[in-house]
Amino acid sequence: MCESGKFGGNQSAYDDLLRRTLGGIPCDLARLIYLASTRDYNSGTYHHEGLSVRHRPEEACDALQTAHREIFYRLASMSLENLVGELELYVRVSREHPMGFLRAWQELEPYRVAIPMEVDPTMVRLFLSNIKLALEVLKCRRLQVQRLPSGALPLPSLGR
Amino acid sequence: MTEILVLAAIPLLLLLMLSLLGATWNIQEETLDAQDGARHRYPRGVDMGVCVQRIFSPEDRDFVDRQGSARLRQIYRAERTKIALYWVWKNSRAIRQVMREHRLAAREAKNLRVGPELGLLFHYVEFRLLCFLLVCLIRLFGPHALKDLATYALELSQSIDRVLAELTSGARVPSAERAGGA
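First to last, the sequence lines map onto chains A and B. For the first sequence, the working numbering begins at 1 and goes up steadily by one. For the second sequence, the working numbering begins at 1 and goes up steadily by one.
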């Protein structure tokens with residue numbers, strides 16, 4: 001964990017993180033995965049090279065930790081429909097084959113390591129459950145598309 | 001005669017319901033960490049109201065229904081029931097723990113205020129009955145029609161928290177004053 005363990009001293013590192021780094025990431029789910037990747041799994045501390053150069057390392061760590069928690073809570077309280085949208089966008093951005101991606105996420109559950117420390121356990125359960133459901137929804141949609149006969153698919157627009 | 005029997009049956013029924021509440025949890029009990037049992041049970045930045053609205057809201061169920069998959073509906077219902085029961089269990093257990101701590105502290109207290117203590121007890125019994133009701137209804141119908149009841153349970157638990165905090169600070173002030181005056 002970060003040394004101070006509490007964010008609130010210096011807002012600039014947090015604003016900098018939001019503007020420069022997280023602003024360039026297309027969806028909250030991708031932001032969550034990114035922020036989790038800046039955390040050391042052995043110590044739980046966050047580290048971001050660029051942010052540590054511009055701000056004090058403790059401030060950078062606090063900013064990363066705060067952003068991680070905020071994005072987690074945003075995702076955990078999101079409606080299932082919006083979460084499916086987030087996941088769909090994340091699959092597209094990852095450029096993996098969608099069915100392969102869904103299978104890997106259902107089997108390996110990599111989203112479990114993206115959960116921040118010291119968050120409410122009910123929110124953690126809700127988040128995990130919603131991700132599981134969102135994966136199932138996407139899989140279900142893919143299977144429905146595959147099952148449709150070619151005649152049932154919409155005709156391509158000839159004018160374009 | 002009937003009235004006496006009814007009056008005698010009410011406390012017995014209450015006791016039975018409270019004891020049943022302890023036995024109805026069918027989810028894997030976990031050791032609550034220190035954070036769960038602390039007075040400020042919710043970490044900074046969490047709006048538990050939003051969390052409760054999400055768990056008990058029919059919005060997600062309607063979305064799942066629109067997908068037209070029976071399997072998905074089944075998974076969804078099982079998942080949400082599990083989370084709703086977990087929330088009730090966790091909330092109930094946390095309040096039980098702070099009440100236990102308060103009871104132990106009240107035994108030692110010399111300036112116990114009867115009025116607020118009785119009010120607190122009333123709120124606590126109401127909260128436990130509400131939790132029992134929630135567990136039964138979640139099991140019977142699922143969590144989606146219970147948003148208002150769950151929100152009320154959350155508000156009640158928060159008000160118990162507040163009253164406990166006030167009682168604790170109230171108990172501290174006179175002793176502090178005594179210490180200052182001595």
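None of these hints come from the bench; they were simulated from the model. Treat the numbers as computed from the prediction; the structure is a model and nothing was measured. Glycine included, every Cβ here is placed at the ideal spot set by N, Cα and C. Some hints could be false.
[What the hints assert, rightly or not] Pairs of lysine-lysine residues, derived as DSS-like cross-links and limited to a Cα-Cα distance of at most 30 Å, are as follows:
#: 1; chain 1: B; residue 1: Lys147; chain 2: B; residue 2: Lys82
#: 2; chain 1: A; residue 1: Lys139; chain 2: B; residue 2: Lys110
#: 3; chain 1: B; residue 1: Lys147; chain 2: A; residue 2: Lys132
#: 4; chain 1: B; residue 1: Lys147; chain 2: B; residue 2: Lys90
#: 5; chain 1: B; residue 1: Lys82; chain 2: A; residue 2: Lys132
#: 6; chain 1: A; residue 1: Lys132; chain 2: B; residue 2: Lys90
[Claimed, not checked] Residues from chain B that face chain A, not an exhaustive set, calculated with beta carbons under 10 Å:
#: 7; residue: Val50
#: 8; residue: Cys51
#: 9; residue: Val64
#: 10; residue: Gln67
#: 11; residue: Arg71
#: 12; residue: Glu79
#: 13; residue: Glu117
#: 14; residue: Leu118
#: 15; residue: Phe122
#: 16; residue: Tyr124
#: 17; residue: Phe132
Where does the structure disagree with the numbered hints, that is, which hint numbers, in rising order?
Hint check: 2, 13, 14, 15, 16 and 17 fail, others pass.
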